[in-house]
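If you're matching them up, the sequences are chains A and B in order. Be aware that the first sequence starts at 1, since it is given in the working numbering, and climbs by one per residue. Be aware that the second sequence starts at 449, since it is given in the working numbering, and climbs by one per residue.
Hints were generated in silico from the structure; no laboratory data involved. Fair warning: there could be bad hints in the mix.
Derived DMTMM-like pairs (lysine to aspartate or glutamate); straight-line CA-CA distance at most 20 angstroms [claimed, not checked]:
#  : chain 1 : residue 1 : chain 2 : residue 2
1  : A       : K321      : A       : D280
2  : B       : K600      : A       : D384
3  : B       : K713      : B       : E762
4  : B       : K618      : A       : E352
5  : A       : K386      : A       : E352
6  : B       : K618      : A       : D325
7  : B       : K618      : A       : D355
8  : A       : K321      : B       : D608
9  : B       : K663      : B       : D723
10 : A       : K385      : B       : E622
11 : A       : K368      : A       : D402
12 : A       : K412      : B       : E622
13 : A       : K49       : A       : D163
14 : B       : K618      : A       : D384
15 : A       : K412      : B       : D608
16 : A       : K347      : A       : D384
17 : B       : K516      : B       : E463
18 : A       : K386      : B       : E599
19 : A       : K318      : A       : D280
20 : A       : K56       : A       : D75
21 : B       : K858      : B       : E679
22 : B       : K600      : A       : D355
23 : A       : K386      : B       : E622
24 : A       : K192      : A       : E165
25 : A       : K385      : B       : E599
26 : A       : K192      : A       : D75
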Amino acid sequence: MDYDVLIIGAGPAGYVAAIRAGQVGLKTAIVEKQYIGGMCLNWGCIPTKAILESAKRFQKAKNVSEFGIDGVDTDKLTFNWSKVKSRSKRITRKLTAGVNFLLKKNGIEAITGIAKIGMDNSVLVDDKRITARHIIIATGSKPKPMSDSFSNAPVVEMVNLFDVEDFPENIVVTGNHISSVEMAQFFKLIGKNVTLVTNSDYFLHGLDTFLIEHITKKIASDKIDLITDVYPQKYTDGELIFNDKKVKCDLIVNCNSRKAIIPESETLLELTERGFIKTDDNFQTNINGVYVIGDAGGKSFLAHMASAQGIHVVNAIKGIKAHFDYSTYPINMYTTPEIAQIGLTEKQIKTEGYDYKVSEFPLSANGKALIENNTEGFIRLLSDKKYGQVLGVQIVAENATDMIAEAGAYLKVEATVYDVANTIHAHPTVSEIFFEAGFDAMDKAIHK
Amino acid sequence: MRYIFNFPDIGEGLEEGTILEWYVTKGQSVNTGDSIVKMETDKVVADIPTPKTGTIVALYGDVGDVIKVGSPLVEIEIEGVYAENAQAEVKKEFAPEPEEKAKTVVGTMEMASKSAVLPASDEGTSESQPKEEKPGKKVLSTPVARAMAKEKGININEIDGTGPSGRVTKADIENYKPARKVSAPQVSADVTDDVTYVPLTQIRKTIAKNMINSKHNAAHMSVFEEVEISELIKVREKYKKKYAERGVKLTYLSFIVKAVVNALKQHRQLNSQIDLENDRMIFNNRYNIAIAVDTPAGLVVPVIKDADRLSIFEIAQHIDEISEKARKRELTLEDMKGGTFSITNFGSIGGIFATPVINYPQAAILGVGRIMKTPVVKNDELAVGNVLALSLSVDHRIVDGGEVTRFITKIMEYLADPMALVME
Chain A
1 MDYDVLIIGA GPAGYVAAIR AGQVGLKTAI VEKQYIGGMC LNWGCIPTKA ILESAKRFQK
61 AKNVSEFGID GVDTDKLTFN WSKVKSRSKR ITRKLTAGVN FLLKKNGIEA ITGIAKIGMD
121 NSVLVDDKRI TARHIIIATG SKPKPMSDSF SNAPVVEMVN LFDVEDFPEN IVVTGNHISS
181 VEMAQFFKLI GKNVTLVTNS DYFLHGLDTF LIEHITKKIA SDKIDLITDV YPQKYTDGEL
241 IFNDKKVKCD LIVNCNSRKA IIPESETLLE LTERGFIKTD DNFQTNINGV YVIGDAGGKS
301 FLAHMASAQG IHVVNAIKGI KAHFDYSTYP INMYTTPEIA QIGLTEKQIK TEGYDYKVSE
361 FPLSANGKAL IENNTEGFIR LLSDKKYGQV LGVQIVAENA TDMIAEAGAY LKVEATVYDV
421 ANTIHAHPTV SEIFFEAGFD AMDKAIHK
Chain B
449 MRYIFNFPDI GEGLEEGTIL EWYVTKGQSV NTGDSIVKME TDKVVADIPT PKTGTIVALY
509 GDVGDVIKVG SPLVEIEIEG VYAENAQAEV KKEFAPEPEE KAKTVVGTME MASKSAVLPA
569 SDEGTSESQP KEEKPGKKVL STPVARAMAK EKGININEID GTGPSGRVTK ADIENYKPAR
629 KVSAPQVSAD VTDDVTYVPL TQIRKTIAKN MINSKHNAAH MSVFEEVEIS ELIKVREKYK
689 KKYAERGVKL TYLSFIVKAV VNALKQHRQL NSQIDLENDR MIFNNRYNIA IAVDTPAGLV
749 VPVIKDADRL SIFEIAQHID EISEKARKRE LTLEDMKGGT FSITNFGSIG GIFATPVINY
809 PQAAILGVGR IMKTPVVKND ELAVGNVLAL SLSVDHRIVD GGEVTRFITK IMEYLADPMA
869 LVME
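This is chain B alone, in the form it adopts within the complex (with noise of 0.2 angstroms):
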């Protein structure tokens, strides 16, 4: 069975791509998942992987050809894929679908194409397997076994079948216990006596080279500040409950955010990036604040968009929603493109300070400790404090000390003084 894999809309609305490298040659054995192509897009440099197992047999394009979303990239023959799988999965690539789940940041897709055609098609159900199979090893299973094993994401290869000559079952599959949790990104270990190799995951490669590319270019420089937000706990305490009975949690996070934004529309320098290359500054005129999560596969760092437009209540809300996206691994790449300014909140995990790492190409990222009660003179009194710490770094190509010191100033205004947050 031939398949042809067309050139997939990776999620930013792109119109084509530059072939940079081709990972794979005619003739090549690929397993779903396996990196084929590095296409350069008009916003990001990606990696395209291959949805199917099999052999390469053609490839659409030389290094520097420019290609169109949904035109082929490569053909691929399919081994030992029955019809009527096949169908099945042409089926789901032509169904109405959610946006595909996204695994990483921006930049790196692990996901099939919705506009992968098969050279035929019939008929057929189930989703497809979007599972690697191991080469060289392929079971004997009977229909309903392998359409079950699709329909559970259950790598039928790895299952010992109990039928005749070792055929998996309807009841292999039923019995089938993972050894573990098949949902996420599986990599073999390699143990020696010191050390244990474990391959990078996709996610793992995209924040290294996302980690480099903003240390590489950007000019970091970081300030350190403390504010005192007893107001602020108390209105937070005030609100909390009636937020609560509305369904939404109120954190700190949101007063942090719409002081932020209210900051940078303030001192849009913030709020920017900068275009060597073409000798000039572009300014952001909208406020999307990414956030970065913290999650089992490694960081996500999904948007909250027009946060200008939002009251903190709708903030609160967005936080929710993200937050339990990113849990559940839901997010879209529509949840994760788009931001202008970025805010780390190790604070909820129990950091002080921190030098953060600049979402590249954005002009700053804003890192939040913890809040900690502390002897603070007040009135010329001592009294007890509760002060909470904030790590802002900047690209100093971008900002100069002196922006820096008054946006932060700013915010801690903002933080200190809640009403102030309304009342602007």
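Chain A with its partners taken away, still in its complex shape (with noise of 0.2 angstroms):
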């Protein structure tokens, strides 16, 4: 065997896993086509963040004179789309440096191509035999594309994003996820008119119903058009016709749903009914020795689930056996606010016959939020009456995203509502609402 692991896709689930990989002694080569980091160092997380962000300090320069900053024209604001690509290519590139780097100090190969697994425990890069013990397909997603009724529509795909020059006044973002919400939220910051289409049933799937309905409520106060349930028939002059109404579109950002990018293989492939990669409880396809992490086995479509199944499948490699835990991953979304949840919703704690209790803390006490003016949001906490455990947190505040993390501390070792009272906040800090919400588990928040 020229090699223990061999990984296919260099992406969130790819390089770390290989990292491990190497990191615990495994002779490792990593096959990627193009762009190390894959989609969310490059188009995904980072990229879409990165111009998040300066849409937000956009608005907020807005507001400077309320801190007590003079001097700043805000009718000469404008948003340089130029200056914001660049500099989120350069954050990419400094964070695909990092991953370059530490896959050589790990000792890891890098191999330019496309991959397609082979018979015996083989991959052919590029006709090439490469043989590896294990194998780990990691190749990712794409959006769906949008139908062909749309071809004579001006569609940008979140991967062409970078490339378009300037934004054009009317917008319309497609899909039902996260970052569909992110992504018209950025064009309404930078001042576009944004309409957002969208499915209910599956809007925002995952999130608490809490969550959503104050989300809806957050789209329409940012005078975002928020059409749901009801497909565009077609494109033209400029318009998204629908059964009963038009809505002017200078360009579709295409955020759909995600499909696999399934690899070729000379042994078939088992593929699940939604068309993912099917895998057994440890990764592992249909194929001995071949595993698949990240967005191509559908279990997940965060980058952080799929470095963890990296990390998870490596270690059982070695030998180091888990229970993969899909309870406590924190769901993020970096909208402004920021809304981050994780654990259960109070629908599954119905559904899971809990007594629960649900205590919740606004941001409008808290003192650290004054000072940032960001009073907008709250914590919700809900635990189990009978032991205290701590089943779910959801957050919105400016840096939930951040915050979150703590519920995840606390999800993972069990923690009770009395850990979490009992666990001395620094004041002032936006964090003091857990504890906060812990004394208003047991009994009453002190500030409420």
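Two chains, two separate frames, one set of hints: put the complex together.
Now the structure itself:
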């Protein structure tokens, strides 16, 4: 065998698995057709959050006088897309360089090319047969294309977003997912007319109903036009035509559901009904020694879950057996304010038959939030009444996506509301809302 | 975490006790349930167990000192108890709660004190775990796992955790199947080729102590009698169904209790005790009949109080109640104290005669054997009789032979002619 482990795809699933494999002493190679870092580093997580940050600062700059800063002529503020893109690309370059360095440091051979799964523990890269005891597919996913009836429409995929020179006035974002809402808000923040077309049955699937209602209200107050449950029929003369209405549309941003990128294979790879590669609980496919991690397996579409799956599989190869925990991963939304959720939703808690309690604490009663003028938001802590176990946490706050990590630790160690309440939080911090919610769960929040 | 253990009211309504002997010294490690001090009260000499595992950091009093109920006895440093756990325990102790469950006969307690307090408190929930922990082994566990283990009475240290670094998780508690029922007093056996050594349980220690005490102090004398009870059988058969309809099991024991009480009223020496120190007799004005009950954990002796004021129906009701409570190990100290005369009913298991040991300092104990079909002479003819065997042990210091005979004859009269039970 040429390698102990061969990984196909260098996104957050593949490159993390590769680094881990190198660290534990496995002879490892990683095959990537083009970009180290995959969707996450090149077009997804990092770049979109980078441009969102620019858009948020663009908005905030308009309010600096509130903080006592004079001399900014807010009428002259403009959003320089070209500079924003450059900044984002610099971040991407820095991070991909870091990944390349780590791959080298851990003795991983990077092979450029397109991989095909071969017979007998082999992979073909440009007709060269490479053998490996374990093969990990981490090829990721791509969005479903718009239907043919929109072939005349100006559609941009997320991977091409950075090729756009300048954005027109009327933007339509399609999709049901968190990224759809983030992109809709991005365009709104930079001053565009935005319409979000979505299917309410799948809109933000996985989030607590309470949060979905909150976001829906937020979308309305942001004056983003939300169209649910009707799909446009065609595109004519700068307009999307729906059953009963027309929407001005100069550009469609496709944030539709994603489908797996399935590598070619000499042996049949079994797929699920939804078109993802089928695996057992330990991510092994129907072919012995061939695993799938990340989006291609369809179990989750989050970078951090892809990385966790990569580590899990490499650990399993090294004989470190564990149960993969799907219950305690954060779902983050980089809107303004940010929204984050971890653990069970209220609906799931009901289904599981818990006698539960919902404890809330608003940011409007938090000192740091007032200081930063970010009082929009709250924490919701869902706990079981019998033992006080923390079952789920939801946060709407400027930095909710960072704050949710604390809740992750509570869930991971099966903490109770008493632990949350008794964890001393520095003052003033927005994180103080945690212990307030903890106290609220036991009895009554201190500052409520 | 420092824990101050106050001298508990061990259920006799007492106000104070005298330290007879310390079993522990400062700096000594103790486990929950270990006896820490021997206290003398006006009614009993009792070993007081610690409700907590930890290290003794202070003893409040020397041998001979009188300690008021509710005053500190010892201070214990509890290791590894997080604030919320300790608080949970406080809450439990302050919460209104039924009487502590006594596991044994009056004299030795195995329970925590209601009056115990902690130096600090805020909040908490779940009940405390009354289980001893193996010293030197403390597993990693998640907060929820600890709460669940406490609530379910599982010793978390006996569980092999499946979490990181062997941490005991919620799932481990949910999947835990105890090797044996944990409610029985746990003793570890030490097996050699010839014999197996098993440490004494508190209840066995107490039984042993009380038996020796009785045999040592009372002058035992036993008499045996047989009484023909065909009439009683008829009466019981007649009323059994009616009682059952009212949810009560009518047993022979109910009649025997009634017969004993009626006889005691006429022979008060049998319902008394001797007080040699003060050169006096103590005659009981109440007729509290203690019934010896055999349970898997050992002998318990709950009391039917003021049986003289109860009808046979009410006595039957009480017997039902205490049997049920004994079976469920729910007897309280209140249920077991104040007996003035005892009955032991070994006939229900199949015995005939015995020499029962007096429930000291009572004056007598009646042993009830089984009912046997036996040839008897009725009206100078042989007939099939139903004969009940009676064994009566008395303290011969208190009661003379004549009085004993008169007493047991009276009981026999009542049992032979049940009408007399209600007619007198």
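Taking 20 angstroms as the top limit, are the C-alpha atoms of A/K385 and B/E599 close enough? holds, 13 angstroms
Would you check the hint for A/K386 and B/E622, treating anything up to 20 angstroms between C-alpha atoms as holding? Holds, at roughly 14 angstroms.
Distance restraint between B/K713 and B/E762, which requires alpha-carbon spacing of 20 angstroms or less: Roughly 19 angstroms separates the two Cα atoms, so the pair holds.
Satisfaction of hint between B/D608 and A/K412, Cα-Cα up to 20 angstroms: Status holds; Cα separation ~18 angstroms.
Hint consistency between A/K192 and A/D75 [alpha-carbon to alpha-carbon, up to 20 angstroms]: The hint holds at about 16 angstroms.
Could you grab the alpha-carbon distance between A/K318 and A/D280 and see if it respects the 20 angstroms cut-off? Measuring from Cα to Cα gives roughly 18 angstroms; hence the hint holds.
Check the hint pairing A/K385 with B/E622 against an upper bound of 20 angstroms on the C-alpha distance. Holds - the C-alpha atoms of B/E622 and A/K385 are around 17 angstroms apart, at most 20 angstroms.
Given hint A/E165 paired with A/K192 - CA-CA distance at most 20 angstroms: Satisfied, since the Cα-Cα distance of roughly 15 angstroms is no more than 20 angstroms.
Assess, step by step, whether the Cα of B/K516 is no farther than 20 angstroms from the Cα of B/E463, and give holds or violated. Holds: B/K516 and B/E463 sit about 6 angstroms apart, inside 20 angstroms.
Has the given pair, A/K347 with A/D384, been kept, meaning a C-alpha gap of at most 20 angstroms? holds, 13 angstroms
Is it true that the CA of A/K321 sits at most 20 angstroms from the CA of A/D280? The given pair, whose Cα atoms are some 14 angstroms apart, holds under the 20 angstroms limit.
Next pair to validate is B/K618 with A/D384; report whether the Cα-Cα distance is within 20 angstroms. Given that 20 angstroms is the threshold and the Cα spacing comes to 13 angstroms, the pair holds.
The earlier numbered hints are all upheld by this structure, with none contradicted.
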